[in-house]
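Student: Dock chain B against chain A, hints included.
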Amino acid sequence: AQTVTQSQPEMSVQEAETVTLSCTYDTSESDYYLFWYKQPPSRQMILVIRQEAYKQQNATENRFSVNFQKAAKSFSLKISDSQLGDAAMYFCAYRSRRDTGTASKLTFGTGTRLQVTL
Amino acid sequence: DTGVSQNPRHKITKRGQNVTFRCDPISEHNRLYWYRQTLGQGPEFLTYFQNEAQLEKSRLLSDRFSAERPKGSFSTLEIQRTEQGDSAMYLCASSLAGLGGYTFGSGTRLTVV
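Respectively, the protein sequence lines represent chains A and B. All letters in the first sequence, in the order written, are residues 713 to 830 by our numbering. All letters in the second sequence, in the order written, are residues 694 to 806 by our numbering.
In short, the hints are calculated from the structure, not lab data. Source: prediction; values computed, not measured. Note that beta-carbon positions come from the ideal geometry of N, C-alpha and C, so glycine has one too.
Non-contacting residues of chain A with respect to chain B, defined by C-beta distances greater than 10 Å in every case (computed): (1) S719; (2) M723; (3) Y737; (4) S742; (5) N770; (6) T772; (7) E773; (8) F776; (9) S792; (10) V828; (11) L830.
Distance ranges between label pairs, derived from CB positions: (12) B:E761 <-> A:E729: 44 to 50 Å; (13) A:K767 <-> B:R715: 36 to 42 Å; (14) B:A790 <-> A:D793: 33 to 39 Å; (15) B:N700 <-> A:I758: 15 to 21 Å; (16) A:E727 <-> B:R708: 43 to 49 Å; (17) B:L732 <-> A:A815: 26 to 32 Å; (18) B:L748 <-> A:Q769: 31 to 37 Å; (19) A:Q769 <-> B:K707: 52 to 58 Å; (20) B:N700 <-> A:D738: 34 to 40 Å; (21) A:K767 <-> B:Q777: 41 to 47 Å; (22) B:F767 <-> A:S742: 32 to 38 Å; (23) B:Q747 <-> A:L830: 47 to 53 Å; (24) A:N770 <-> B:L748: 29 to 35 Å.
Excised from the complex, chain A in its bound form:
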């Protein structure tokens, strides 16, 4: 079974600074997806960024980028130029590329609460 570990329950960053959230995962599969989701107090899970394991290039979405280390099974999220609106819970999630049965489900970490201060 796959597991996702987020070892930082809380992080704090000053506005305009950069912060990195850590995630490690365990799987025996070679082809999968990794995601970072943001959950603000409004509760809706919002997709921040997605990485396909077969792609060596790290994904980037505006101020958000990842450092994907497949051999180390590490998938960290870097937020540049942090804004007050970035304050939320951030969840790392894994999904097999296989599309049958529970392989299509997402497995989440326990989350990191990000605070953004002035």
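Tutor: Just chain B, lined up with the frame of chain A:
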């Protein structure tokens, strides 16, 4: 399309009562997932549908839980004889088979008193 819609947003019920939640997915999405999220935890998979067929159920889904997706459109999740341990947020998500990403709803927060 307004995304994935869940109703109600909040539900407070007495222990032993039955409750039902509804999820309306994105119309062209053929897959629908239910997750449960307790305080301080990430969401945990409960069950999923492809069209109207319920294809998988987690061991977390006890006999008191039942989910349906008639006609492959909206879905309902019913909890019978609620217990305090059922207090959680219930999230619904939808996707297209073969694609990696999900769209989540805002969830239904259940409080059992």
